[in-house]
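A.B. asks: Listed below, chain by chain, are the residues.
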Amino acid sequence: MQDKLKIADQEFSTRLLIGTGKYACDEFIPDILASSGAEIITVALRRVDFEATVDNVMYHIPEGVQLLPNTSGARNAQEAVRIARLARAMGCGNWIKIEVISDNKYLLPDGYETVKATETLAGEGFVVLPYISPDLMVARKLVEAGAAAVMPLGAPIGSNRGLKTRELLKIIIEEIPLPVIVDAGLGRPSQACEAMEMGAGACLVNTGIASAAHPVAMARAFAQAVAAGRQAFLAGPGASQGTARASSPLTGFLYEEQSV
Amino acid sequence: MSFYDLYSQYRDFDFDHYFATVDHFRVERILQQDYLRPLDFLALLSPQAGEFLEEMAQKAHQVTVRNFGRTIVLYTPLYLSNYCNNQCLYCGFSVRNHFARRQLTIDEVEREARLIAASGLKHILLLTGGARKIATLEYVEECVKTIRPYFTSIGIEIYALNSEEYARLVQAGVDCLTIYQETYNQTLYAELHPSGPKRDYRFRLEAPEAGCQAGMRAVNIGALLGLDRWRREAFFTGLQADYLQKTL
Numbered sequence: 001m002q003d004k005l006k007i008a009d010q011e012f013s014t015r016l017l018i019g020t021g022k023y024a025c026d027e028f029i030p031d032i033l034a035s036s037g038a039e040i041i042t043v044a045l046r047r048v049d050f051e052a053t054v055d056n057v058m059y060h061i062p063e064g065v066q067l068l069p070n071t072s073g074a075r076n077a078q079e080a081v082r083i084a085r086l087a088r089a090m091g092c093g094n095w096i097k098i099e100v101i102s103d104n105k106y107l108l109p110d111g112y113e114t115v116k117a118t119e120t121l122a123g124e125g126f127v128v129l130p131y132i133s134p135d136l137m138v139a140r141k142l143v144e145a146g147a148a149a150v151m152p153l154g155a156p157i158g159s160n161r162g163l164k165t166r167e168l169l170k171i172i173i174e175e176i177p178l179p180v181i182v183d184a185g186l187g188r189p190s191q192a193c194e195a196m197e198m199g200a201g202a203c204l205v206n207t208g209i210a211s212a213a214h215p216v217a218m219a220r221a222f223a224q225a226v227a228a229g230r231q232a233f234l235a236g237p238g239a240s241q242g243t244a245r246a247s248s249p250l251t252g253f254l255y256e257e258q259s260v
Numbered sequence: 001m002s003f004y005d006l007y008s009q010y011r012d013f014d015f016d017h018y019f020a021t022v023d024h025f026r027v028e029r030i031l032q033q034d035y036l037r038p039l040d041f042l043a044l045l046s047p048q049a050g051e052f053l054e055e056m057a058q059k060a061h062q063v064t065v066r067n068f069g070r071t072i073v074l075y076t077p078l079y080l081s082n083y084c085n086n087q088c089l090y091c092g093f094s095v096r097n098h099f100a101r102r103q104l105t106i107d108e109v110e111r112e113a114r115l116i117a118a119s120g121l122k123h124i125l126l127l128t129g130g131a132r133k134i135a136t137l138e139y140v141e142e143c144v145k146t147i148r149p150y151f152t153s154i155g156i157e158i159y160a161l162n163s164e165e166y167a168r169l170v171q172a173g174v175d176c177l178t179i180y181q182e183t184y185n186q187t188l189y190a191e192l193h194p195s196g197p198k199r200d201y202r203f204r205l206e207a208p209e210a211g212c213q214a215g216m217r218a219v220n221i222g223a224l225l226g227l228d229r230w231r232r233e234a235f236f237t238g239l240q241a242d243y244l245q246k247t248l
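Same order as they appear, the protein sequences are chains X and F.
Position one of the first sequence corresponds to residue 1 (our numbering), numbered consecutively onward.
Position one of the second sequence corresponds to residue 1 (our numbering), numbered consecutively onward.
Don't take every hint at face value.
Straight-line alpha carbon distances no greater than 30 Å define the calculated BS3-like cross-link-like pairs of lysine-lysine that follow [claimed, not checked]:
#1 F:LYS59 x F:LYS246
#2 X:LYS105 x X:LYS4
#3 X:LYS105 x X:LYS116
#4 X:LYS164 x F:LYS122
#5 F:LYS133 x X:LYS22
#6 X:LYS170 x F:LYS122
#7 F:LYS246 x X:LYS22
#8 X:LYS105 x F:LYS133
#9 F:LYS122 x X:LYS4
#10 F:LYS145 x X:LYS6
#11 X:LYS116 x X:LYS6
#12 X:LYS164 x X:LYS22
#13 X:LYS141 x F:LYS246
#14 X:LYS141 x X:LYS105
#15 F:LYS145 x X:LYS164
#16 F:LYS145 x X:LYS170
#17 X:LYS164 x X:LYS116
#18 F:LYS122 x X:LYS116
#19 X:LYS170 x X:LYS141
#20 X:LYS170 x X:LYS116
Listed below are several chain X residues computed to face chain F (Cβ distance under 8 Å; list not exhaustive) [as the list claims (entries may be wrong)]:
#21 SER35
#22 GLY158
#23 SER159
#24 SER211
Think of the hints as simulated: they come from the structure by calculation, not from any bench.
Cβ coordinates follow ideal geometry from the N, Cα and C atoms, glycine included.
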């Protein structure tokens, strides 16, 4: 039986999602998509200008890839909802990643506004994937609000610091019955691998690939790391000891008599 | 608290005394930090920090790449008008200088925009001199609306405005504000700007925060180094950037 990532009514074979920000050239994107094997790609739609005749990043995204427009630039629920509706009207489909960020220093998301936007948009038939800090209460409210997945951060956006929030991520993975897509902060493939070993449903990587010296090769490395981590999770790792244990000081006596 | 209020707290700061207290152990520790407080930043601007220039360059490069990827943004400036009513001592546009003054017509602006866009440039910066009664807000607004279909991003570098006026230009299609702060030294600023609306130090200093409040997506502070001592100018530039990031 194949191990598929299920989000809403769709199934995906790979578990690495990629972004389109911070690339020198949108022309790189098809190569990054190919080497990453990603089947879902995020796109920012901050200022949609229907009259603009200029080049659009979406011209570089091939057919068959699930587009995930994001509400990057939204500072509150109202702006996020407006961007989502614009994206759908533009023909980007009905999937939406909610990013509501009013903090310009750390770029941390506003959980309260994210829940509000999710309620509204899920009610309008969107497939909603909200980006949040790994707050269990916010995640539970998102489940009630109709989110299709949750996207908790590993570390602040662009920081490349890895799973700084791992303890909280473990709790979310344990408690939330939706795919958990670790998003933000994954700077190295080993970090994405660890997220998958922990039981995450998928990982989203943008800066970690875009800022690499060779993004196409790094995308391939991330893809392999995500696949390896998933396999490890499914294989069920052996129990590990906190300390070395050469003998059984407390229970050894139970077996000493038998050997006599 | 506006940035002017924050600036005022540091205006009479004894920079030389502070620099004298910075040793290289302190600089090393600060370079390990993830976040800087204002005085940490100032320590990195001290003469003693000069021996760590390569380390600072490496760290700055990493931060830049993480935040912006491996990208360079190309833009071109388009001067709409060179009429000015200021007498800034350092500037060629000063009203005291006599040369041909010109303001582009809307048709001329569109033609320039079309030619520039055809060259592949997607970001444009519109500039005017300080003469607000000639290069009026309405004129700038009309220029923006005219060129909007040709560019992904439109910036302005014009006379300072308040947030309602910036909001009007944001509505018209501007997403980027550039404003030059020739010097943060309020005393020196008064000497350099003897006459004209630009003489109002506080109004100009608060233009970046007015732009943020109005919804500008990007605000660029053009801090000139050289009119006052550069370590101080760099410090105030960083202080203003930190203020804008935290407050707005």
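A.B. asks: Now tell me if each hint is right for this structure.
C.D. replies: Hints, verified against the model:
| no. | hint | result |
| --- | --- | --- |
| 1 | F:LYS59 x F:LYS246 | holds (22 Å) |
| 2 | X:LYS105 x X:LYS4 | violated (37 Å) |
| 3 | X:LYS105 x X:LYS116 | holds (23 Å) |
| 4 | X:LYS164 x F:LYS122 | violated (38 Å) |
| 5 | F:LYS133 x X:LYS22 | violated (41 Å) |
| 6 | X:LYS170 x F:LYS122 | violated (44 Å) |
| 7 | F:LYS246 x X:LYS22 | holds (23 Å) |
| 8 | X:LYS105 x F:LYS133 | violated (38 Å) |
| 9 | F:LYS122 x X:LYS4 | violated (41 Å) |
| 10 | F:LYS145 x X:LYS6 | violated (45 Å) |
| 11 | X:LYS116 x X:LYS6 | holds (24 Å) |
| 12 | X:LYS164 x X:LYS22 | holds (23 Å) |
| 13 | X:LYS141 x F:LYS246 | holds (28 Å) |
| 14 | X:LYS141 x X:LYS105 | holds (26 Å) |
| 15 | F:LYS145 x X:LYS164 | violated (46 Å) |
| 16 | F:LYS145 x X:LYS170 | violated (51 Å) |
| 17 | X:LYS164 x X:LYS116 | holds (27 Å) |
| 18 | F:LYS122 x X:LYS116 | violated (35 Å) |
| 19 | X:LYS170 x X:LYS141 | holds (18 Å) |
| 20 | X:LYS170 x X:LYS116 | holds (25 Å) |
| 21 | SER35 | violated (17 Å) |
| 22 | GLY158 | holds (5 Å) |
| 23 | SER159 | holds (7 Å) |
| 24 | SER211 | holds (5 Å) |
The structure does not agree with the numbered hints 2, 4, 5, 6, 8, 9, 10, 15, 16, 18 and 21 stated previously, though it agrees with the rest.
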